[in-house]
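Number of protein chains: 2
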Amino acid sequence: MDTTDQSQASKNRKPKRSIIDCDIHAGSFSDEVLTYLPRIYREQIKTFGWRLPSQNAMYLNGTGGGAKQDENFPKEGGSASYLKYFQTNFLDKHNIEYGILTGTGSYSIQTIPDADYAAAVCSAYNDYGIDKLLSQDERIKGSILIPKQDPILSAKEIDRVGSNPDMVQVIVANGAEKPYGNRFYNPIYEACVRNNLPFAIHVSMEGIGTNPAPTGAGQVSHYIEYRAARAQIMATHLASFIFEGVFEKFPTLKVVMIEAGTLWIAPLLWRLDQDWKALRSQTPWVKEPPSEYYRKHFRVTSQPIEMPHKPTMFLPMFEAINADTNLMFATDFPHWDFDSPTLSLPKLDEELWDRIFYQNAAELYGLPQRRNQ
Amino acid sequence: MDTTDQSQASKNRKPKRSIIDCDIHAGSFSDEVLTYLPRIYREQIKTFGWRLPSQNAMYLNGTGGGAKQDENFPKEGGSASYLKYFQTNFLDKHNIEYGILTGTGSYSIQTIPDADYAAAVCSAYNDYGIDKLLSQDERIKGSILIPKQDPILSAKEIDRVGSNPDMVQVIVANGAEKPYGNRFYNPIYEACVRNNLPFAIHVSMEGIGTNPAPTGAGQVSHYIEYRAARAQIMATHLASFIFEGVFEKFPTLKVVMIEAGTLWIAPLLWRLDQDWKALRSQTPWVKEPPSEYYRKHFRVTSQPIEMPHKPTMFLPMFEAINADTNLMFATDFPHWDFDSPTLSLPKLDEELWDRIFYQNAAELYGLPQRRNQ
Numbered sequence: 001m002d003t004t005d006q007s008q009a010s011k012n013r014k015p016k017r018s019i020i021d022c023d024i025h026a027g028s029f030s031d032e033v034l035t036y037l038p039r040i041y042r043e044q045i046k047t048f049g050w051r052l053p054s055q056n057a058m059y060l061n062g063t064g065g066g067a068k069q070d071e072n073f074p075k076e077g078g079s080a081s082y083l084k085y086f087q088t089n090f091l092d093k094h095n096i097e098y099g100i101l102t103g104t105g106s107y108s109i110q111t112i113p114d115a116d117y118a119a120a121v122c123s124a125y126n127d128y129g130i131d132k133l134l135s136q137d138e139r140i141k142g143s144i145l146i147p148k149q150d151p152i153l154s155a156k157e158i159d160r161v162g163s164n165p166d167m168v169q170v171i172v173a174n175g176a177e178k179p180y181g182n183r184f185y186n187p188i189y190e191a192c193v194r195n196n197l198p199f200a201i202h203v204s205m206e207g208i209g210t211n212p213a214p215t216g217a218g219q220v221s222h223y224i225e226y227r228a229a230r231a232q233i234m235a236t237h238l239a240s241f242i243f244e245g246v247f248e249k250f251p252t253l254k255v256v257m258i259e260a261g262t263l264w265i266a267p268l269l270w271r272l273d274q275d276w277k278a279l280r281s282q283t284p285w286v287k288e289p290p291s292e293y294y295r296k297h298f299r300v301t302s303q304p305i306e307m308p309h310k311p312t313m314f315l316p317m318f319e320a321i322n323a324d325t326n327l328m329f330a331t332d333f334p335h336w337d338f339d340s341p342t343l344s345l346p347k348l349d350e351e352l353w354d355r356i357f358y359q360n361a362a363e364l365y366g367l368p369q370r371r372n373q
Numbered sequence: 001m002d003t004t005d006q007s008q009a010s011k012n013r014k015p016k017r018s019i020i021d022c023d024i025h026a027g028s029f030s031d032e033v034l035t036y037l038p039r040i041y042r043e044q045i046k047t048f049g050w051r052l053p054s055q056n057a058m059y060l061n062g063t064g065g066g067a068k069q070d071e072n073f074p075k076e077g078g079s080a081s082y083l084k085y086f087q088t089n090f091l092d093k094h095n096i097e098y099g100i101l102t103g104t105g106s107y108s109i110q111t112i113p114d115a116d117y118a119a120a121v122c123s124a125y126n127d128y129g130i131d132k133l134l135s136q137d138e139r140i141k142g143s144i145l146i147p148k149q150d151p152i153l154s155a156k157e158i159d160r161v162g163s164n165p166d167m168v169q170v171i172v173a174n175g176a177e178k179p180y181g182n183r184f185y186n187p188i189y190e191a192c193v194r195n196n197l198p199f200a201i202h203v204s205m206e207g208i209g210t211n212p213a214p215t216g217a218g219q220v221s222h223y224i225e226y227r228a229a230r231a232q233i234m235a236t237h238l239a240s241f242i243f244e245g246v247f248e249k250f251p252t253l254k255v256v257m258i259e260a261g262t263l264w265i266a267p268l269l270w271r272l273d274q275d276w277k278a279l280r281s282q283t284p285w286v287k288e289p290p291s292e293y294y295r296k297h298f299r300v301t302s303q304p305i306e307m308p309h310k311p312t313m314f315l316p317m318f319e320a321i322n323a324d325t326n327l328m329f330a331t332d333f334p335h336w337d338f339d340s341p342t343l344s345l346p347k348l349d350e351e352l353w354d355r356i357f358y359q360n361a362a363e364l365y366g367l368p369q370r371r372n373q
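Sequence lines, in order, name chains F and S.
Per UniProt numbering, the first sequence starts with residue 1, numbered consecutively.
Per UniProt numbering, the second sequence starts with residue 1, numbered consecutively.
For reference, chain F alone in the conformation it holds in the complex (with noise of 0.2 Å):
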């Protein structure tokens, strides 16, 4: 077997146990999503377009649409075609026991100004994807689209279709024009715990439609520097929702951070927790250490992982995240940065291996134990 060969084997190699994706992509098919439209809405469209602002349309990517090259999607037959590739190419050969598909549309309709259209367009992303990808394979779990832009109108969106037992999470854009610990806001949380589902955060939108620069000093020019600022503003969601109070007033909210990252919150728990122990008069309703509120609230996926100069620091590093608690594995297939996992993360010890790849993903979203153990 020559080392090509080779290469390929380990790549195609499934773990030995199922697992749970926890960042999945789906395609959506714009045709068979309008037909979920009031008929004005469809109308619009048909004259001006979706109104959907890109990030494409500013920076670039890792390559043309951000998908994989080795993937071959069908070109024809829709989400019913798509299913069946999605199933045999991604959920079969990898193992995959549930994949969170964290959104049935694009984030960009978060981002336009119009909250009612927004309202219209997430509702149906969100009965697209129950009618066409949810209810057709038990593996795959929905994340909830919310027109964030009107809080009370994403309340409505969450009671709407958060019953839905495929429906596992409400999810959002990390662009955000106020960070996402801010009042305004409320009303989402409101319905999150009320429906018992966790807040989703998945980077996208940083910078575009309604959405400020993307840092604190405004425009970067390359998307290696974008991909950098997603993180920061992650860590300013971070942040808020600890100092803001949220979880004073939302004691079992759960926050999920995805495709940020997951290393650059060590040293930004422990520079909070030491501000904290300095500030703490000032934000009194924060009662404990903010790296207690971290461990309790948020959960954070694993790719893009971060590779330590040293291999040796990425174990400290995991436990300086309580990632035996807090990581959830996800690929983010079928992006072009894709994690695969039998590849992407170091030699881990059974018991870490197993919260990391399923355990902490099942308690969150309260998925059922593997068929086969």
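One or more of the hints may lead you astray.
A pair counts as met if it fits within one copy or between any two copies, since identical chains are not told apart.
[As the list claims (entries may be wrong)] Cut-off 20 Å, straight-line C-alpha distance, at most; resulting in silico cross-link-like pairs (EDC-like, lysine to aspartate or glutamate):
1) K93 to D114
2) K277 to D339
3) K68 to E288
4) K132 to D337
5) K277 to D70
6) K93 to D150
7) K84 to D31
8) K132 to E177
9) K310 to E288
10) K46 to D114
Hints listed in this document are in silico derivations from the structure and should not be mistaken for laboratory results.
Here the structure of chain F is known, so what remains is to put chain S in place on it, guided by the hints.
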């Protein structure tokens, strides 16, 4: 000796060998600075005030005015009286061979729209600093405040005072309308290189005056969140310098990052090195891994040093940020979050201690070796 006395004694302990402190703030006395300004601006100030937007108008600080509560600065006698206090109660007390003043005026002047007035005030601050402080004690070194609103005027100011051997760097606030790698600033870097001066960025003015909101998700509500946002903006500048190719244009330029923390640099470099491998075709002028540009071109001051939850993480994290060559000790005197030279850092071996507390700064700023070895 009771514990209070012990703690007082340990607070007052001097470093055995003299040190270089890379972040010191001197009070500026408005009535004295005024005499260095043209008459038109003296009259405008008399009528309208100084036009200095301030953090205090938006956020709290650690103490009123931001200073340590155990200092008793003289209330009368202006800069001469201040200088005496500063020499006895700071430079002598802490065995400081050189202390780098990070500006002799307010960074606020860099965030007002009127660039001509900003240029005049920067010149006045610089001249005041040279006359009243730098020329009075050979231990005190200064930083050139520039009207960064206008890079051409900034270059003129650097050329005007840059040949004074007591001015050891050019300084700007971290808050910025554009990341500092942007080509807008090139005339400043040309002047830095021409005068053999490092370019220093000191946290301040994020979200204030002409600057955008301090995060990519808009305004934050509390000072502790604001402090966390500062590191994010510094991270934006770091990535911007590298990916805009500033060091390809100015191969001898050095950049000093002041008061934004240190340990967050490690996961940022891991992320950037990894992404650079995947995305380098998009920025082909970036020839080496980002961590190499960091090692060669950046220096970072220690205060406020992060405390890892596990003390055993300190040295591996120091190694990950190249502390032996890139970290320079700073107290941030007289601010409330002052880091003591004898108490704030973990126990270091003698060689590493000497690099961080003396040699790295001596090499960067071209300062002579200790008088008493």
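Hint check:
1. K93 to D114: Classified as neither: same-chain Cα gap 41 Å, cross-chain 62 Å, threshold 20 Å.
2. K277 to D339: between (38 Å within a copy, 15 Å between copies)
3. K68 to E288: neither (43 Å within a copy, 26 Å between copies)
4. K132 to D337: neither (26 Å within a copy, 57 Å between copies)
5. K277 to D70: The answer is between: 19 Å across copies meets 20 Å, while 50 Å in one copy does not.
6. K93 to D150: The answer is neither: 40 Å in one copy and 58 Å across copies each exceed 20 Å.
7. K84 to D31: The answer is within: 19 Å in one copy meets 20 Å, while 78 Å across copies does not.
8. K132 to E177: For K132 and E177, neither the intra-copy (32 Å) nor the inter-copy (46 Å) Cα distance is at most 20 Å.
9. K310 to E288: between (33 Å within a copy, 18 Å between copies)
10. K46 to D114: within (17 Å within a copy, 48 Å between copies)
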